[in-house]
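S.K.: When you get a sec, could you build the whole thing from the sequences and use the hints?
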Amino acid sequence: MNQQPNNPLHGITLEHLLTELVEKYGWDELARRVNINCFKNDPSIKSSLKFLRRTPWARTQVETLYLHLKNSPWNR
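Under the numbering used here, the sequence shown has 14 at position 14, and the numbering climbs by one with no breaks.
No wet-lab data here; the hints were simulated from the structure. Incorrect hints may have been included.
[Claimed, not checked] With a straight-line cut-off of 25 Å between C-alpha atoms, the simulated BS3-like cross-links for lysine-lysine are:
1. 46 / 24
2. 70 / 24
3. 50 / 70
4. 50 / 40
M.R.: And the structure:
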């Protein structure tokens, strides 16, 4: 079994991560925080996942935002 003890995103799917961000912030606020068109123009989980899987820099920004959300003292 390949364990990744230093990877805080281990075991979290991109779909779960994105769904949680949309539930917390909504599409408008998410687009403000991560400036990518798939969050601005007719956003959906499906189209956003497709874009994020093909675009490493955008995925990194979304993952960083998710980690900030999870590590926030107000999220407890």
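S.K.: Hint by hint, say whether it matches the structure.
M.R.: Comparing the hints with the structure gives:
The suggested pairing of residue 46 with residue 24 holds, with an alpha-carbon distance near 18 Å, which does not exceed 25 Å. For the proposed pair residue 70 and residue 24, the alpha carbon gap of about 11 Å is at most 25 Å, so the pair holds. Of the pairs offered as hints, the one joining residue 50 and residue 70 holds, with about 23 Å between alpha carbons and a cut-off of 25 Å not exceeded. For the proposed pair residue 50 and residue 40, the alpha carbon gap of about 15 Å is at most 25 Å, so the pair holds.
The structure is consistent with each of the numbered hints, conforming to all of them.
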